[in-house]
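Numbering of the first sequence is given in the UniProt record's numbering, commencing with residue 1 and proceeding in unit increments.
These are calculated hints, taken from the structure and not from any lab test. This structure is a prediction, so every number in the text was calculated from the model and none was measured. Take the hints with a grain of salt, since some may be wrong.
For lysine to aspartate or glutamate, the following EDC-like pairs were computed, each having C-alpha atoms within a straight-line distance of at most 20 Å [said to hold, decoys possible]:
{"id": "1", "residue 1": "LYS857", "residue 2": "GLU831"}
{"id": "2", "residue 1": "LYS656", "residue 2": "GLU694"}
{"id": "3", "residue 1": "LYS622", "residue 2": "ASP642"}
{"id": "4", "residue 1": "LYS656", "residue 2": "ASP704"}
{"id": "5", "residue 1": "LYS879", "residue 2": "GLU563"}
{"id": "6", "residue 1": "LYS779", "residue 2": "ASP741"}
{"id": "7", "residue 1": "LYS622", "residue 2": "GLU610"}
{"id": "8", "residue 1": "LYS137", "residue 2": "ASP161"}
{"id": "9", "residue 1": "LYS137", "residue 2": "GLU159"}
{"id": "10", "residue 1": "LYS617", "residue 2": "GLU586"}
{"id": "11", "residue 1": "LYS228", "residue 2": "GLU212"}
{"id": "12", "residue 1": "LYS541", "residue 2": "GLU552"}
{"id": "13", "residue 1": "LYS854", "residue 2": "GLU807"}
{"id": "14", "residue 1": "LYS879", "residue 2": "GLU731"}
{"id": "15", "residue 1": "LYS779", "residue 2": "GLU797"}
{"id": "16", "residue 1": "LYS656", "residue 2": "GLU591"}
{"id": "17", "residue 1": "LYS623", "residue 2": "GLU591"}
{"id": "18", "residue 1": "LYS854", "residue 2": "GLU891"}
Derived Cβ-Cβ restraints for the label pairs, each shown as a range [said to hold, decoys possible]:
{"id": "19", "residue 1": "GLU345", "residue 2": "GLY740", "range": "53 to 61 Å"}
{"id": "20", "residue 1": "SER930", "residue 2": "GLU543", "range": "19 to 27 Å"}
{"id": "21", "residue 1": "ALA919", "residue 2": "SER206", "range": "52 to 60 Å"}
{"id": "22", "residue 1": "ASP230", "residue 2": "GLU543", "range": "55 to 63 Å"}
{"id": "23", "residue 1": "GLU891", "residue 2": "SER659", "range": "25 to 33 Å"}
{"id": "24", "residue 1": "GLY404", "residue 2": "ASP230", "range": "17 to 25 Å"}
{"id": "25", "residue 1": "PRO513", "residue 2": "GLU891", "range": "49 to 57 Å"}
{"id": "26", "residue 1": "PHE67", "residue 2": "GLU543", "range": "55 to 63 Å"}
The beta-carbon is built from N, C-alpha and C at its ideal position, and this holds for glycine as well.
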Amino acid sequence: MDDTLYLLDGYSVIYRSYFAFFRNPLRNPRGENSSAVFGFFRTLFSLFREYQPRHFAVIMDSRVPTFRHEQYEQYKANRQETPEDLRAQIPVIEEILQALGVPSVRVDRYEADDVMATLAERCRSEGRPCRVISGDKDLLQLVGEPVRILRPGKDGIDEMDRDAVYRDWQVWPEQIRDFLSLIGDTSDNIPGVKGIGKKTAADLLSRYGTLENLYDHLDDLTPARRSKLDAGRHEAFLSRGLISLACDAPLPAGGADYELGDLDYQAAAPLMIAQGMTKLVEQTGVSPVVTEEGAGPGELPGDGAAPEKAPREGELGPSWSPRERAGLVLSRDEQERFAREGRCELVTTREDLTRWISRAREAGTFAFDVETDSLDPLTANPLGFSLACSADEACYIPLRGPEGALFQEEYLRQELRSLLTDPACRIVGQNFKYDYKILSRWGIRPGQIYFDTMIAAWLVDTSAGGYGLDRLARDYLGYRTIAFADLFSEGEAPAQKGRRGSSGDDRNFGDVPLDLAARYAGEDAFVTYRLYTVLDRLLDKREVRDIFTSLEMPLVPVLAEMETAGIGLDVFALEEYSRELSLTIERVEQEIHDLAGHPFNIASTRQLQEVLFQERKLQPLKKTKTGYSTDTAVLQELAREDPLPERVLAYRMYTKLRSTYVDALPRMVHPRTGRIHTSLNQTGTATGRLSSAEPNLQNIPVRDDQGRRIRDAFVPRQDWVFVSADYSQIELVVLAHLSGDEALMEAFRNGEDVHRRTAGLIFGVAPDEVSAEQRRIAKTINFGVMYGMSAFRLSNELGLPRKQAEEFIQAYFGTYQGIGRFIEATVARAEVEGEVRTLLGRPRPVPDILSRNKTVKAAVERVVVNTPIQGTAADIVKKAMLAVSQRLRQENLQARMILQVHDELILECPPGEEQQVRALLLEEMSGAVSLAVPLGVSVESGDRWGAMHQ
DNA sequence: TACCCGTCGTAC
DNA sequence: GACGTACGACGGGTAA
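Work the whole structure out from these sequences, hints included.
See below:
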């Protein structure tokens, strides 16, 4: 039996409703404002429909001044007098409530907040669930099982539990009072502390917990903050008094259970109809009383009583934590465990070490983490290791203590190696690629990398963005980790800036006192273990176990090896090129300034806009959020009228090359290895592709000669060669497979030039009669379709009339009818499932697929169509990488993969292995998956990257 | 001075 | 508003 008590904050809902329609008020048949009445009952009924409460009361404010006014005469003094046309609606609402038989409560000298707090506390002591419906921030202080806030939002009702409060405000419910005391609340004339905003307040409270403790530690703060807080001390504590809720409101005796019987719609209907709420009445099922009055508010566009909707965006809205969104239920035991800090034992003796290692062995599955003296995996040395085989116990094994070495390095290495390479041991880590690299250099090649929590979290939601341990702990466990920076709160080492090759941040974990270090390191391990227990279940729930185990996890060491291998760069060639570019840029810059008649910063789009559209009176062709666009397409168009835009295009091309590549790449050469080591990020995309950063080696120019010169600066090691293999048209092949379109499949089966064939089909000519122009158009459409390109864009791209572009697209879908069907089916399926999946089952959630906003809906549809194509191609390349890596090992080859650029694998190999490697690549890449059409692969070799695939 | 956002441009 | 997925440089504003 559901005995949940629902408490509706009457004035909160009334005010919100009134102001929601403020610009366009609803009126009853007598012409009086009825926004509040209507909004209030719409909220009430939708709440009843959704939650079907059995115990319910509307809580109203005292009509006489409250004890707060007695405390602080300024209280709510700022608040504007309640508008008369709102005040008039309150008795109407109460009358209808009474007719319906909905209990309402009002206590003199107490605000509704205090009454609700009193009732909520009573529920808490009885362990009875309680839901408070209110939009007021200060009520968030009541949240904590079994009490939650229901907040009426744009799209229905958000349910706020502790996690939700934290996510929205970065403070816990019990800190809300102190939080509001700091930031103040202008609407209630709560002063707060001047100069302290949300961010600062949340930050201070996360560090000091409470207002008192914060004021006890003013001396630890920066001078600016200290003086603000000092000045606002009185206001802060006064504010808190005002915000604090009274839990001792004298409740009226009798009927305290607020049981909600059947509503008496019959009695309420006439009153409601008098307010024009005919639609709401219809919904109640009472036969509508015909009136001759005009349209009531219920018939106004967009505010009609909405019938039950299909689940829409917002339903799993922002108040859901990722854990809840994924539908994961934690047991009571887990909730309690996860809220606690775990223990960490400092291991300093061989006996302790032996004990922990055998414990890990017995557990079989354990979280492992390496602490290092630097973030650079090529130079970092381990300082210690942490280990956890349960959710709340960890150990930290430091290599050395203040007195020197605690373990013989070789002894520790052997002990750990025996554990980490034991085939029966399953290692759990967070971003283990990093630990793998460190351990490899230290002489341990971990055996079974079983579970990377970062990758698991990514697979559970590929578009969450950000999978750091701190964030995962907060999102999935509601646990706040010790920040790395907090290890250095005192005696911070002065940062040395501007040193070449240094990050500028010299804070070293090795300088942290051992007990604090152990707490931090131990936390990493047990939090990782906790995340593992949670995410492990989510893998099954989201049906991604297979792709996790057989694709993503095995890829971790492969990527680690690629990053460690790096790629050679001909720095001299680039330095020469930089000098040439600088001369050219100087010249072009001068030409532009001469044309403009004055110097200006060409790289500033603002200044350029001024020159183009005001001084030179050129016609702006496209707008951006902040002004007129000056992008390439616009400048090309303007170049027909004026010589300056063409020069700007040249200037942009040269400066782009110089700043992004020619000057930046040599700076990325690692001082130790003399090579460039990119990061291949496994969790960086929503589709399943890898991404590359620091530097990004997946966007090195290739299309024109100036750009190719940069690719030419990438070289293999002395006397070796590059071998590059790329899939031909992999995304179109995938599209052919996924859509099953006969004509497109036929093109690939015959090994034809697919763009030529497309042109032939849509223009109705024989393939060998297709003109270059026709092929260009077909190629643009072929790619455009995969991105959901519009006729608008196509006509722009091709310089054709819009009408003609539309005809081409129509001809295209006429030719490839399977593609149209594929698009429709994919969108329809996404609408039902709220996600799309690739061939190997990698999901991407698309909660906005049911958006009523046309632009949003269209954008999500493009995502939905593109993701299975791009993502399946990514799956295939990843599978190929695993296969190639395995073959290289099996055949004892020295050749190694060094780069992946979405459809291309680049290897470096000794000349003697070249033929074997080429054959292996061809075989493993074309055989990576079996599709309805063959996967074409072309292999080339060269002594420069730019020498291949011209 | 450090960070954030907008615009632009490179890749597949 | 109109083409999907990335990363990163630069300008220019704001906060520290």
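Consistency of the hints with the structure:
1. LYS857 x GLU831: Satisfied, since the Cα-Cα distance of roughly 11 Å is no more than 20 Å.
2. LYS656 x GLU694: Satisfied, since the Cα-Cα distance of roughly 17 Å is no more than 20 Å.
3. LYS622 x ASP642: The given pair, whose Cα atoms are some 17 Å apart, holds under the 20 Å limit.
4. LYS656 x ASP704: holds, 14 Å
5. LYS879 x GLU563: OK: LYS879 and GLU563 at ~18 Å, within 20 Å.
6. LYS779 x ASP741: holds, 17 Å
7. LYS622 x GLU610: holds, 15 Å
8. LYS137 x ASP161: OK: LYS137 and ASP161 at ~13 Å, within 20 Å.
9. LYS137 x GLU159: Holds, because 14 Å separates the two Cα atoms, which is no more than 20 Å.
10. LYS617 x GLU586: Since the Cα atoms of LYS617 and GLU586 sit roughly 26 Å apart, the hinted pair is violated (cutoff 20 Å).
11. LYS228 x GLU212: holds, 16 Å
12. LYS541 x GLU552: With a Cα-Cα distance of about 18 Å, the restraint between LYS541 and GLU552 holds, given a limit of 20 Å.
13. LYS854 x GLU807: violated, 24 Å
14. LYS879 x GLU731: Cα-Cα ~15 Å, so holds.
15. LYS779 x GLU797: Since the Cα atoms of LYS779 and GLU797 sit roughly 12 Å apart, the hinted pair holds (cutoff 20 Å).
16. LYS656 x GLU591: Judged against 20 Å, a Cα distance of about 18 Å means the pair holds.
17. LYS623 x GLU591: violated, 27 Å
18. LYS854 x GLU891: violated, 55 Å
19. GLU345 x GLY740: 53 to 61 Å: holds, 59 Å
20. SER930 x GLU543: 19 to 27 Å: holds, 22 Å
21. ALA919 x SER206: 52 to 60 Å: Hint holds: Cβ distance 58 Å, inside 52 to 60 Å.
22. ASP230 x GLU543: 55 to 63 Å: For GLU543 against ASP230, whose Cβ atoms are near 56 Å apart, the range 55 to 63 Å holds.
23. GLU891 x SER659: 25 to 33 Å: violated, 43 Å
24. GLY404 x ASP230: 17 to 25 Å: violated, 46 Å
25. PRO513 x GLU891: 49 to 57 Å: holds, 51 Å
26. PHE67 x GLU543: 55 to 63 Å: holds, 57 Å
Hint compliance for this structure: hints 10, 13, 17, 18, 23, 24 are not met, and every other hint is.
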